[in-house]
Amino acid sequence: RDVLGSRGLGDVYKRQITFSALLCASMVSCDLDVVPPSDISTETFWKNEKDAWNGLNALYAELPGMDIWDEMYTDNAHSHKPWEGPYELIQQNGVSSESDRGYSFRTIRIVNNFLEKVDGCEMDAALRERMKAEARYFRASDYLDLTTKFGKVPLVTTVMEYDAPNVKRDPVETVQAFILSELAEIAEILPDSYPGGEGYEKGRITRAGALALRARAALYFGNFAEAEASAGKIIQEGHHSL
8 RDVLGSRGLG
18 DVYKRQITFS
28 ALLCASMVSC
38 DLDVVPPSDI
48 STETFWKNEK
58 DAWNGLNALY
68 AELPGMDIWD
78 EMYTDNAHSH
88 KPWEGPYELI
98 QQNGVSSESD
108 RGYSFRTIRI
118 VNNFLEKVDG
128 CEMDAALRER
138 MKAEARYFRA
148 SDYLDLTTKF
158 GKVPLVTTVM
168 EYDAPNVKRD
178 PVETVQAFIL
188 SELAEIAEIL
198 PDSYPGGEGY
208 EKGRITRAGA
218 LALRARAALY
228 FGNFAEAEAS
238 AGKIIQEGHH
248 SL
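Residue numbering for the sequence shown follows my numbering, beginning at 8 and increasing consecutively.
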């Protein structure tokens with residue numbers, strides 16, 4: 008007070024009150040009914056190429072890590088920590104419904120949703136078709152994992168409602184034929200390689216990747232002729248070497 012004097016201190020208070028009033032007025036004039044940037048809905052998504060990329064990249068995030076967990080079901084590896092999983096229990100034929108061990112249709116649902124929604128994005132038609140092929144690869148891969156573990160599984164290619172009734176499991180032969188057919192079609196769409204850059208990264212699924220998975224699937228199914236045919240194409244086309 009001694010420095011500013013009574014008049015100077017009053018001016019400070021006035022400025023503070025004026026600033027507060029202006030701040031309140033600006034807040035009142037703002038549109039507070041704004042959708043948070045973190046919220047994504049069907050109404051605001053699936054509009055353009057960027058949305059398509061984001062939807063497809065979500066599938067790459069579903070890829071499992073490379074590890075030896077499945078080897079613990081066999082004599083090739085041993086789990087000495089019970090919290091790692093019921094591996095010894097499964098070896099002793101003691102698995103129950105409490106341990107689903109991968110019976111999940113999460114990725115398949117994401118693929119089906121992508122395939123249904125991406126047609127609404129404004130983008131190049133050829134690129135959209137390639138992205139669909141990438142997505143179908145993940146669905147085929149998931150079905151290969153499901154049928155090799157559980158045999159008969161329901162073949163779902165549409166987005167089901169959350170309260171939809173249970174569907175019956177399809178015969179193993181039906182699921183196997185679907186996987187081989189899908190991967191054969193995918194291989195004819197996907198490129199041999201990618202030049203790099205956003206959306207064209209070298210780590211994306213290629214024609215050889217689809218053929219390699221098809222060869223593995225056919226081998227698991229005991230269809231050695233198809234396994235040899237798919238692997239043979241990779242060798243003959245010469246894009247890769249051991």
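Just so you know, the hints here were simulated from the structure itself, not pulled from any lab data. Take these hints with a grain of salt, some might be off.
To be verified - Simulated pairs of lysine to any residue, SDA-like, Cα-Cα distance not exceeding 25 Å:
no., residue 1, residue 2
1, K139, W76
2, K124, W76
3, K159, W76
4, K124, P93
5, K88, W76
6, K159, P93
7, K139, I97
Discussion item. Taking the earlier hints as the rules, which of them does this structure contradict?
Written reply: Going through the list in order, the structure violates hints 1, 2, 4 and 7 and respects the others.
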